[in-house]
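Engineer: Chain residues, written in single-letter form:
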Amino acid sequence: MFKIANAEFIAPGIKRFVIEAPRIARKHKPGQFVILRLYEQGERIPLTIERCDPERGTINIVVQSVGKTTHLLNALTTGESILDVVGPLGKPSEIGMFGTVVVMGGGVGTAMAYPTAAALKRAGNRVISIVGARNKELVILETEMGEVSDVLMVTTDDGSYADKGFVTDKLRQLIENGTRIDLVLAVGPIPMMKAVAEVTRPANIRTIVSLNPIMIDGTGMCGGCRVLIDGKSEFACVDGPEFEAHRVNFDVLIQRNSMYREPERKSMEGFRQDPEAQLELVRAGEGDPCPIKGGR
Amino acid sequence: MAAPPKTAGPQKTSANPLSPRERMKVPRQHMPEQPAELRVLNFTEVNLGYSPELARQEALRCLQCAKPTCTNHCPVGVKVREFVELIVLGDFLGAAAKIREDNVLPAVTGRVCPQEDHCEGSCLMHKKVESLGIGYLERFVADYEQQHLDMGSVRKAPPTGKKVAIVGSGPSGLTAAGDLVQKGHGVRVFEALHEVGGVLIYGIPEFRLPKKIIREQVAYMRAMGVEFETDVVVGRTVTIDELFEEEGFDAVFIGTGAGLPVFMNIPGEHLNGVYSANEFLTRINLMHAYEFPRYDEPMVDFRNQDVAVIGGGNTALDAIRSARRLGARKAYILYRRSEAEMPARIEEVKHAKQEGIDVQVLTNPIEFLSDGKGWLNSVRCMRMKLGEPDASGRRRPLPIAGSEFEIPLSVAVIAIGTSANPIVQSTTPGLKTNKWGYIDADLNTQRTSRKGVFAGGDIVTGSATVILAMGAGRRAAKSIDEYLTTGEW
Numbered sequence: 001m002f003k004i005a006n007a008e009f010i011a012p013g014i015k016r017f018v019i020e021a022p023r024i025a026r027k028h029k030p031g032q033f034v035i036l037r038l039y040e041q042g043e044r045i046p047l048t049i050e051r052c053d054p055e056r057g058t059i060n061i062v063v064q065s066v067g068k069t070t071h072l073l074n075a076l077t078t079g080e081s082i083l084d085v086v087g088p089l090g091k092p093s094e095i096g097m098f099g100t101v102v103v104m105g106g107g108v109g110t111a112m113a114y115p116t117a118a119a120l121k122r123a124g125n126r127v128i129s130i131v132g133a134r135n136k137e138l139v140i141l142e143t144e145m146g147e148v149s150d151v152l153m154v155t156t157d158d159g160s161y162a163d164k165g166f167v168t169d170k171l172r173q174l175i176e177n178g179t180r181i182d183l184v185l186a187v188g189p190i191p192m193m194k195a196v197a198e199v200t201r202p203a204n205i206r207t208i209v210s211l212n213p214i215m216i217d218g219t220g221m222c223g224g225c226r227v228l229i230d231g232k233s234e235f236a237c238v239d240g241p242e243f244e245a246h247r248v249n250f251d252v253l254i255q256r257n258s259m260y261r262e263p264e265r266k267s268m269e270g271f272r273q274d275p276e277a278q279l280e281l282v283r284a285g286e287g288d289p290c291p292i293k294g295g296r
Numbered sequence: 001m002a003a004p005p006k007t008a009g010p011q012k013t014s015a016n017p018l019s020p021r022e023r024m025k026v027p028r029q030h031m032p033e034q035p036a037e038l039r040v041l042n043f044t045e046v047n048l049g050y051s052p053e054l055a056r057q058e059a060l061r062c063l064q065c066a067k068p069t070c071t072n073h074c075p076v077g078v079k080v081r082e083f084v085e086l087i088v089l090g091d092f093l094g095a096a097a098k099i100r101e102d103n104v105l106p107a108v109t110g111r112v113c114p115q116e117d118h119c120e121g122s123c124l125m126h127k128k129v130e131s132l133g134i135g136y137l138e139r140f141v142a143d144y145e146q147q148h149l150d151m152g153s154v155r156k157a158p159p160t161g162k163k164v165a166i167v168g169s170g171p172s173g174l175t176a177a178g179d180l181v182q183k184g185h186g187v188r189v190f191e192a193l194h195e196v197g198g199v200l201i202y203g204i205p206e207f208r209l210p211k212k213i214i215r216e217q218v219a220y221m222r223a224m225g226v227e228f229e230t231d232v233v234v235g236r237t238v239t240i241d242e243l244f245e246e247e248g249f250d251a252v253f254i255g256t257g258a259g260l261p262v263f264m265n266i267p268g269e270h271l272n273g274v275y276s277a278n279e280f281l282t283r284i285n286l287m288h289a290y291e292f293p294r295y296d297e298p299m300v301d302f303r304n305q306d307v308a309v310i311g312g313g314n315t316a317l318d319a320i321r322s323a324r325r326l327g328a329r330k331a332y333i334l335y336r337r338s339e340a341e342m343p344a345r346i347e348e349v350k351h352a353k354q355e356g357i358d359v360q361v362l363t364n365p366i367e368f369l370s371d372g373k374g375w376l377n378s379v380r381c382m383r384m385k386l387g388e389p390d391a392s393g394r395r396r397p398l399p400i401a402g403s404e405f406e407i408p409l410s411v412a413v414i415a416i417g418t419s420a421n422p423i424v425q426s427t428t429p430g431l432k433t434n435k436w437g438y439i440d441a442d443l444n445t446q447r448t449s450r451k452g453v454f455a456g457g458d459i460v461t462g463s464a465t466v467i468l469a470m471g472a473g474r475r476a477a478k479s480i481d482e483y484l485t486t487g488e489w
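Keeping their order, the protein sequence lines are chains A and B.
Take 1 as the starting number for the first sequence in the numbering used here and just add one per residue.
Take 1 as the starting number for the second sequence in the numbering used here and just add one per residue.
Derived from the structure by calculation, the hints contain no laboratory data.
Incorrect hints may appear among the rest.
[Claimed, not checked] When the alpha-carbon atoms are kept at most 30 Å apart in a straight line, the in silico DSBU-like pairs for lysine-lysine are as follows:
| hint | chain 1 | residue 1 | chain 2 | residue 2 |
| --- | --- | --- | --- | --- |
| 1 | A | K27 | B | K451 |
| 2 | A | K29 | A | K3 |
| 3 | B | K128 | B | K67 |
| 4 | B | K478 | B | K79 |
| 5 | B | K432 | A | K232 |
| 6 | B | K353 | B | K385 |
| 7 | B | K79 | B | K212 |
| 8 | B | K211 | A | K266 |
| 9 | B | K432 | A | K27 |
| 10 | B | K353 | B | K127 |
| 11 | A | K91 | B | K435 |
| 12 | A | K15 | A | K29 |
| 13 | B | K451 | A | K91 |
| 14 | B | K435 | B | K478 |
| 15 | B | K373 | A | K266 |
| 16 | A | K3 | B | K163 |
| 17 | B | K212 | B | K183 |
| 18 | A | K3 | B | K212 |
| 19 | A | K3 | A | K15 |
| 20 | B | K432 | A | K91 |
| 21 | A | K29 | B | K432 |
| 22 | A | K29 | A | K164 |
| 23 | B | K211 | A | K3 |
| 24 | A | K29 | B | K451 |
| 25 | B | K432 | B | K183 |
| 26 | B | K25 | B | K67 |
| 27 | B | K373 | B | K183 |
| 28 | B | K163 | A | K27 |
| 29 | A | K194 | B | K373 |
| 30 | B | K163 | B | K212 |
| 31 | A | K27 | B | K162 |
| 32 | A | K266 | B | K330 |
| 33 | A | K232 | B | K435 |
| 34 | B | K373 | A | K232 |
| 35 | A | K164 | A | K91 |
| 36 | A | K136 | A | K164 |
Quick caveat, the model's predicted, so the values are computed rather than measured.
Construct the entire structure; sequences and hints are all you get.
Structural biologist: Quick look at the structure:
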């Protein structure tokens, strides 16, 4: 079991967890993720690491309630435990001195872009960050992103905070204004990353996206997370999660991510009918045949 | 009456009242099994196991050869003659202990070993009548032991003070761990997934190898002193170098198994409904997708859908028989060679056919076709004929021009093999690999190019069988013990 050292909502439906996982905290590099499982009947879901503290042996993850598992997870509080956490998985972000880098975070994706933005800043890049959300309440990590950026721009879809519009509007403006951009990193919903790729393609700006396909083991074994890169299969868990955006077939990613929409809906319905009963299973922590876990 | 045991042939023993000729006349005892029409509706085990009476009756058939070929053909060298004689004497726990001297997973091998390629295939009786049911007998004593053995009585060897890390908890890792702990070495097994057992857990379905069996065998190993740590991806969570330098291990065995699934690289492989066998079986076995929604992991709805699995090995048969149990209407095996070349166990092919699996041999898919909404709708195939033998010694399948045809399908599972997973190799400096990316290891000592690092199983040989991986684990344990004792590399 992996103890939750702290858990707090940072926006409606978005919670930050500090989890005791010393081995992972020691090895984590920006861009990597963990897979977790809440209880014996639970599924395995990948979540990007927001930051870690190797001294304290903790990692942070930021979770948005979307389906059954994330709803269950976000119902857990400080002092409770998560059955399985494995990682760090995936290749770390490529960190180097590129020049000017635009880091774009859409929604909860901002939490995933944050550690890479910080590392790029430390590497000496000029970092322009563009953070977007549906509305004011859902803008997250604004302060943190500000600390690691030379310029920070914020957009909301409905204009309830900062500038109304999409992150791609800001990016387009930067390009039109003739701002020199050496690299763009975009993390967020697939339609947003696809839109970013379309903005930077004509301008010929190297663009990196972090993909989130359906995944089970996270070690390359199952092949469920295969994505089409330049028409070739690659595995997001071992070849990614970051890929060159202009080579990604986003339509196939969207199509494959829709594969379990119906069972996902059914799961969510079951959860809504009796959330407490489901949560009880998670809290009971039963059926753990393996008392020694990779966290310690 | 046979001659006294001067030759390699049969001998009369005090335990067995029958003469060798009489033994040959006893028919091979049939393995009780769930009727096919019933078992396709559930995931419980197909074979039900021998009763003590059936086991003793079968054991009486053993010719008790002076030079048993069965033991020589067993990758871990199980003393078949001796354990079978103990069954005749009614000493079932003694028989189990005898097997355990060479095989730490008897309940597993008794179920999934291709006995026809090893012990039973070499059995002298096989020349005239059906060979001795060695696998069935092994399974019987292993299950009997599990029901009757007091775990508290499991003996721990005096500690040597040495520590060995085992990477991967599949058949090779478990075997190495079991052998090493019996020598008194401290053993910790690291597993990437949340449950111990590797392919035995995520790959082989419940109806062929119940998870309970693995858990019990693992519990036995815990009682012997083996430690298990799950949720550790060696190479990512901790490196091999760190295991030596920071965690104080004196030797490491790498048994990470068959790695990445191989796809066919034909059009349409990204359609929804096209799976790798690894993903398909992992969802069902490790994640219990067949128990959705009690378990959260989903699976596409197979009821009244047509399903094909591409490949002819045990994995392919496990996948299609699972699809059948999930309610598939038509269930095909598409295999590009003929049935004689199918690598699957004979019993699995027999069981699959009983369950109504349509085995289409000399058939090769060339394209997956969409329904226009991103889902698989059919597969286009070509008929094949067999040409000259290829590098594997099997006759090479060649396409027959103009033979294209389509099979309507909702789900296709690709079970044509695996390639090396690079995570450990790429994070361990100085660890040599071959041109396919598998770890270079001496096939007798299992030593790698790195001092103190040993490797075995599919990560060395490419996809093979449970028992061959166990054989490698056994050789590695012997050689690790020598290294730890002498310090010589």
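Engineer: Run every hint past the structure and note whether it holds.
Structural biologist: Verification of the hints:
1. A:K27 to B:K451: This hinted pair holds, its Cα atoms lying about 24 Å apart.
2. A:K29 to A:K3: OK: K29 of chain A and K3 of chain A at ~21 Å, within 30 Å.
3. B:K128 to B:K67: 18 Å, holds
4. B:K478 to B:K79: Satisfied, since the Cα-Cα distance of roughly 18 Å is no more than 30 Å.
5. B:K432 to A:K232: 28 Å, holds
6. B:K353 to B:K385: Within the cut-off at roughly 22 Å; holds.
7. B:K79 to B:K212: Holds, at roughly 26 Å.
8. B:K211 to A:K266: 27 Å, holds
9. B:K432 to A:K27: Status holds; Cα separation ~24 Å.
10. B:K353 to B:K127: Judged against 30 Å, a Cα distance of about 26 Å means the pair holds.
11. A:K91 to B:K435: 23 Å, holds
12. A:K15 to A:K29: 21 Å, holds
13. B:K451 to A:K91: Distance ~27 Å between K451 of chain B and K91 of chain A Cα, so the pair holds.
14. B:K435 to B:K478: It holds: about 28 Å lies between the C-alpha atoms, which stays within 30 Å.
15. B:K373 to A:K266: Answer holds: K373 of chain B to K266 of chain A is near 21 Å, not above 30 Å.
16. A:K3 to B:K163: This hinted pair holds, its Cα atoms lying about 28 Å apart.
17. B:K212 to B:K183: Holds, at roughly 27 Å.
18. A:K3 to B:K212: Between K3 of chain A and K212 of chain B the Cα gap is close to 28 Å, so the pair holds against 30 Å.
19. A:K3 to A:K15: 16 Å, holds
20. B:K432 to A:K91: 22 Å, holds
21. A:K29 to B:K432: 26 Å, holds
22. A:K29 to A:K164: Distance of about 33 Å is beyond 30 Å: violated.
23. B:K211 to A:K3: Holds, because 28 Å separates the two Cα atoms, which is no more than 30 Å.
24. A:K29 to B:K451: 29 Å, holds
25. B:K432 to B:K183: 29 Å, holds
26. B:K25 to B:K67: Holds. K25 of chain B to K67 of chain B sits at ~22 Å (cutoff 30 Å).
27. B:K373 to B:K183: Distance of about 59 Å is beyond 30 Å: violated.
28. B:K163 to A:K27: Roughly 23 Å separates the two Cα atoms, so the pair holds.
29. A:K194 to B:K373: Satisfied, since the Cα-Cα distance of roughly 20 Å is no more than 30 Å.
30. B:K163 to B:K212: Since the Cα atoms of K163 of chain B and K212 of chain B sit roughly 29 Å apart, the hinted pair holds (cutoff 30 Å).
31. A:K27 to B:K162: 26 Å, holds
32. A:K266 to B:K330: Roughly 26 Å between the alpha carbons, so the hint for K266 of chain A and K330 of chain B holds.
33. A:K232 to B:K435: Answer holds: K232 of chain A to K435 of chain B is near 21 Å, not above 30 Å.
34. B:K373 to A:K232: Measuring from Cα to Cα gives roughly 21 Å; hence the hint holds.
35. A:K164 to A:K91: 35 Å, violated
36. A:K136 to A:K164: Distance of about 10 Å is within 30 Å: holds.
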